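J.: Chain A is already provided as a structure; the job is to place chain B on it using the hints.
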Amino acid sequence: MAETADHSSPEEFKKHLGKYYVVFVALLCLTAITVGVSYLKLNRPLAIAVALVIASVKAGMVAAVFMHLISEKKVIYAVLILTAAFFLLVLLLPSFTVFESVAV
Amino acid sequence: MSAHAADAAIPHTVEPHPVTGLPNGKFGIWLFLASEVMLFGALFSSYVLIRTQAAHWPPEGGLSSEILNVPLATLNTAVLITSSITMVLAWASCKLGRIDRFRLWMGATIGLSFVFLVVKYFEYTHKFHDGHFPSTNNFYAIYFTLTGLHGVHVIGGIIVNTFLLTVGTRLWKTDRDHFTNRVENAGLYWHFVDLVWIFLFPSLYLL
Numbered sequence: 001m002a003e004t005a006d007h008s009s010p011e012e013f014k015k016h017l018g019k020y021y022v023v024f025v026a027l028l029c030l031t032a033i034t035v036g037v038s039y040l041k042l043n044r045p046l047a048i049a050v051a052l053v054i055a056s057v058k059a060g061m062v063a064a065v066f067m068h069l070i071s072e073k074k075v076i077y078a079v080l081i082l083t084a085a086f087f088l089l090v091l092l093l094p095s096f097t098v099f100e101s102v103a104v
Numbered sequence: 001m002s003a004h005a006a007d008a009a010i011p012h013t014v015e016p017h018p019v020t021g022l023p024n025g026k027f028g029i030w031l032f033l034a035s036e037v038m039l040f041g042a043l044f045s046s047y048v049l050i051r052t053q054a055a056h057w058p059p060e061g062g063l064s065s066e067i068l069n070v071p072l073a074t075l076n077t078a079v080l081i082t083s084s085i086t087m088v089l090a091w092a093s094c095k096l097g098r099i100d101r102f103r104l105w106m107g108a109t110i111g112l113s114f115v116f117l118v119v120k121y122f123e124y125t126h127k128f129h130d131g132h133f134p135s136t137n138n139f140y141a142i143y144f145t146l147t148g149l150h151g152v153h154v155i156g157g158i159i160v161n162t163f164l165l166t167v168g169t170r171l172w173k174t175d176r177d178h179f180t181n182r183v184e185n186a187g188l189y190w191h192f193v194d195l196v197w198i199f200l201f202p203s204l205y206l207l
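These protein sequence lines are chains A and B, in that order.
Under the numbering used here, the first residue of the first sequence carries the number 1, and numbering increases by one thereafter.
Under the numbering used here, the first residue of the second sequence carries the number 1, and numbering increases by one thereafter.
Please note that a few of the clues may not be correct.
[Claimed, not checked] Pairs of lysine-lysine residues, derived as BS3-like cross-links and limited to a Cα-Cα distance of at most 30 Å, are as follows:
{"no.": "1", "chain 1": "A", "residue 1": "Lys14", "chain 2": "B", "residue 2": "Lys173"}
{"no.": "2", "chain 1": "A", "residue 1": "Lys73", "chain 2": "B", "residue 2": "Lys95"}
{"no.": "3", "chain 1": "A", "residue 1": "Lys15", "chain 2": "B", "residue 2": "Lys173"}
{"no.": "4", "chain 1": "B", "residue 1": "Lys120", "chain 2": "A", "residue 2": "Lys15"}
{"no.": "5", "chain 1": "B", "residue 1": "Lys120", "chain 2": "A", "residue 2": "Lys73"}
{"no.": "6", "chain 1": "A", "residue 1": "Lys14", "chain 2": "B", "residue 2": "Lys95"}
{"no.": "7", "chain 1": "B", "residue 1": "Lys95", "chain 2": "A", "residue 2": "Lys74"}
{"no.": "8", "chain 1": "A", "residue 1": "Lys41", "chain 2": "B", "residue 2": "Lys173"}
In short, the hints are calculated from the structure, not lab data.
Please read all numbers here as calculations on a predicted model, not as lab measurements.
Chain A on its own, in the form it takes in the complex (with noise of 0.2 Å):
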């Protein structure tokens, strides 16, 4: 009942490292070309996309490969769906108390 689908035995788990690896090499690739193009000093907006894209993949692959989210049970789905939602919440909370100034 513990045992998992994805690691049944030592070697079956062994073949699942490199990834890691793969992983590690991805990061600090994009590190590299988020802190390169920041240097090309594109205009603010484009800037801004581009980082938070990048940024964004490389949060999606720590989270997938590290912290194992691809292969998760559902209840954690569950919860993470439900953080994302209050986060951006909390994100656009200030957009409209901007508006509910200029209104006024």
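T.: Just chain B now, with coordinates in the frame of chain A:
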């Protein structure tokens, strides 16, 4: 009561709880991380608000990348990413029954955490030396608050990981799966600390 102490062990440390399908510790750490998202999320939201309402960002003029030390922060990003893979390898070593390898990788993780803090210390003291404090302006207030809270999380990770590397390893002798799950949970927290930095670095230093 003490006679029953042995029977009062916390349940579902290894075998999944029938409701969640997960060991309790893992479910618990994910709920904690959800609360952490809200903690950092609220501060990040404040940053977005303060920044979008500011006439100039940074207020003193110039660019964030000229005010903050990008090479040191890039180094620290690489250090944290490396500590994430050493952490996952520490857990994998437990899975493979190699406690000797676990000690090696966990030791490396803790060592890299200290490197991160030392670099941060140099960054902070340089700013203080130049007379820049959290009270200087909104830019420094946000910078010190976000990186400071993140730094506190790094210290928290060092404490938990050091416990697992030292006295905590005793559990390995009696219950390998339970110990392995503890390492996995500490790892989930550590990867989250890495994940937060992945967003803080471009947001504060590069944009």
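J.: Hints first: check each against the structure and report whether it holds.
T.: Checked hints:
1. A:Lys14 x B:Lys173: 23 Å, holds
2. A:Lys73 x B:Lys95: Distance ~19 Å between Lys73 of chain A and Lys95 of chain B Cα, so the pair holds.
3. A:Lys15 x B:Lys173: 26 Å, holds
4. B:Lys120 x A:Lys15: 36 Å, violated
5. B:Lys120 x A:Lys73: Answer violated: Lys120 of chain B to Lys73 of chain A is near 37 Å, above 30 Å.
6. A:Lys14 x B:Lys95: 10 Å, holds
7. B:Lys95 x A:Lys74: 23 Å, holds
8. A:Lys41 x B:Lys173: Cα-Cα ~56 Å, so violated.
Hint violations for this structure: numbers 4, 5 and 8, all remaining hints satisfied.
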